[in-house]
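Starting from the known structure of chain V, fit chain F onto it as the hints suggest.
There are 2 protein chains.
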Amino acid sequence: MDERAALSFLGDRLPHAGDDAAVVDGQVLTTDMLHETTDFPDGTTRYTAGWRSVGASLSDVAAMGAEATAAVAVYAAPEFDDSDLGEFVAGASDVCEAVGAEYVGGDLDESREFTAATTALGRTDAPVARSGASPGEVVCVTGTLGRTGAALRLFESGETERANDLFRFEPRVAAGRELAPYATAMMDSSDGLARSLHQLAEASDCGFSVERSALPVDESVREVADGEAEVRELAVFFGEDFELAFTVPERELSAIRSESPTPVSVVGEVTESGVEMDGEELPDRGYTHGGE
Amino acid sequence: MDERAALSFLGDRLPHAGDDAAVVDGQVLTTDMLHETTDFPDGTTRYTAGWRSVGASLSDVAAMGAEATAAVAVYAAPEFDDSDLGEFVAGASDVCEAVGAEYVGGDLDESREFTAATTALGRTDAPVARSGASPGEVVCVTGTLGRTGAALRLFESGETERANDLFRFEPRVAAGRELAPYATAMMDSSDGLARSLHQLAEASDCGFSVERSALPVDESVREVADGEAEVRELAVFFGEDFELAFTVPERELSAIRSESPTPVSVVGEVTESGVEMDGEELPDRGYTHGGE
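Sequence order for the protein chains is V and F. Numbering-wise, my numbering puts 111 at position 111 of the first sequence, and it's gapless, one number per residue. Numbering-wise, my numbering puts 264 at position 264 of the second sequence, and it's gapless, one number per residue.
Take the hints with a grain of salt, since some may be wrong.
A partial selection of chain F residues facing chain V, derived with a Cβ cut-off under 7 angstroms [said to hold, decoys possible]:
| id | residue |
| --- | --- |
| 1 | 22 |
| 2 | 31 |
| 3 | 33 |
| 4 | 69 |
| 5 | 76 |
| 6 | 85 |
| 7 | 102 |
| 8 | 106 |
| 9 | 108 |
| 10 | 121 |
| 11 | 152 |
| 12 | 155 |
| 13 | 229 |
| 14 | 233 |
| 15 | 266 |
Incomplete in silico selection of chain V near chain F, CB under 7 angstroms [stated by the list, open to error]:
| id | residue |
| --- | --- |
| 16 | 1 |
| 17 | 72 |
| 18 | 76 |
| 19 | 104 |
| 20 | 253 |
| 21 | 256 |
None of these hints come from the bench; they were simulated from the model. Beta carbons are placed, not taken as given, at the ideal position from N, Cα and C, and that holds for glycine.
Okay, chain V solo, but in the shape it has when bound:
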């Protein structure tokens, strides 16, 4: 099985799987694992790694429309250097502080490769699932798209300070909380916008029609991309931007825009079926870990 088939296999067995996080008695729980070879390019500081890995789990809490309360991590490495470990903990603590959560530690483990396994805890009485979108609603994203793709190019070209800055995203917890009362379906864009739209379409049994020109492409993408095709690749497919993709009735847009602390862009509308961009089918593909 590939990873997608395996996730589907799990979804059939576990009633709570299939959303960005599980919800048990109002507690939101989600876990992720990131590896040096696939997730942290050469030049990624341990501070950025701590921020980003814990941030990925906090983003899943945000996608449920929940408050973030705490996070833990397992820091696994071939050896424990106090500077590296201190930087990781500082990054993990700072990203938690940025969203009002508390970093409460975790565990250490010897591992051949630097690996971070992170878990975030949140709380909500009204989680937003992926399954509530209806035709006629609009589909929106928070913030900008393509930042992570641009960061990877900057790591490759040695501009590591700028790349690290772009890599440290702010999990959209505050926005998710404000959007939750209005959003009919929501998830984070960790696998890219295209893949997120396909996942929302499948969960909600609907389609999407989005406009390329409406996408909030991050300004860093245009700096690094070689032509419009690459801009599209980084903004639409690359993913790992950890923005929120969500659907709402159009009449709620003004309320959302005034309440969300992060800018919201309408990128298209919910349709009966099919996922299209500018009238053409949008492939269900994203960034695949492992460099395929």
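Coordinates of chain F only, in the frame set by chain V:
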């Protein structure tokens, strides 16, 4: 830094670190990582691996005297085989069910080595820390000691079915809940009894005097051990048995014995300082991962 120095380094930076689990607003959160090369000997089934890895986190919830509510895991492997994955999920689900918690899934990740990163969530309004033991109290353990050491010998000799049985411990959540109102300090024995006593002594600023003859050595230990020295090694130092080690005033013993669903053995008493067995200093060492 070695792992102990690194944990101490973390403890200085994170106010919630240092107990078996962190507690935030009555929610108990703990995370662990287990690897094939260090934690799952040849012959360990994926069912046992799922049970044991999730069980290790549930044991930390038990050590806080908390109710266990949910668990998640990241299953990381070079490839995803549906039989392996199904077995892992079944083991993870079954150990949760055994303690009244719910296994709610998690994530998948490609990794060079089979690795399980597990997180358990619990709830308590009165967590039991490691720091409350006082001289004059007694020190007790639940269940029996040495089972995991015996299991490793059985894996080595090819008796894998019996070894798998011994490897699937029951996390002491129910016992921990009953002991919590009485216990002055508690932790799980995942690093072995000797190490646990030293950790309790350090956290409580006390000492211990235990009797070798009072230890509840698992019957499997005598079957596999070659002489009394090896029995002692497996029961006292080996660890990974995930029993609870705790202190209580002696007058509470009859209440504890009638309420704990797991047998409780008094193994010694709390002293002013020093950790001794049969009047001799008990070394602060345990099972070190990685085969040192």
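Now for the hints, and whether the structure bears them out:
{"no.": "1", "hint": "22", "verdict": "3 angstroms, holds"}
{"no.": "2", "hint": "31", "verdict": "5 angstroms, holds"}
{"no.": "3", "hint": "33", "verdict": "4 angstroms, holds"}
{"no.": "4", "hint": "69", "verdict": "6 angstroms, holds"}
{"no.": "5", "hint": "76", "verdict": "6 angstroms, holds"}
{"no.": "6", "hint": "85", "verdict": "6 angstroms, holds"}
{"no.": "7", "hint": "102", "verdict": "6 angstroms, holds"}
{"no.": "8", "hint": "106", "verdict": "5 angstroms, holds"}
{"no.": "9", "hint": "108", "verdict": "5 angstroms, holds"}
{"no.": "10", "hint": "121", "verdict": "6 angstroms, holds"}
{"no.": "11", "hint": "152", "verdict": "18 angstroms, violated"}
{"no.": "12", "hint": "155", "verdict": "20 angstroms, violated"}
{"no.": "13", "hint": "229", "verdict": "28 angstroms, violated"}
{"no.": "14", "hint": "233", "verdict": "22 angstroms, violated"}
{"no.": "15", "hint": "266", "verdict": "30 angstroms, violated"}
{"no.": "16", "hint": "1", "verdict": "5 angstroms, holds"}
{"no.": "17", "hint": "72", "verdict": "5 angstroms, holds"}
{"no.": "18", "hint": "76", "verdict": "6 angstroms, holds"}
{"no.": "19", "hint": "104", "verdict": "3 angstroms, holds"}
{"no.": "20", "hint": "253", "verdict": "33 angstroms, violated"}
{"no.": "21", "hint": "256", "verdict": "29 angstroms, violated"}
This entry does not satisfy hints 11, 12, 13, 14, 15, 20, 21, going by the numbered hints stated previously.
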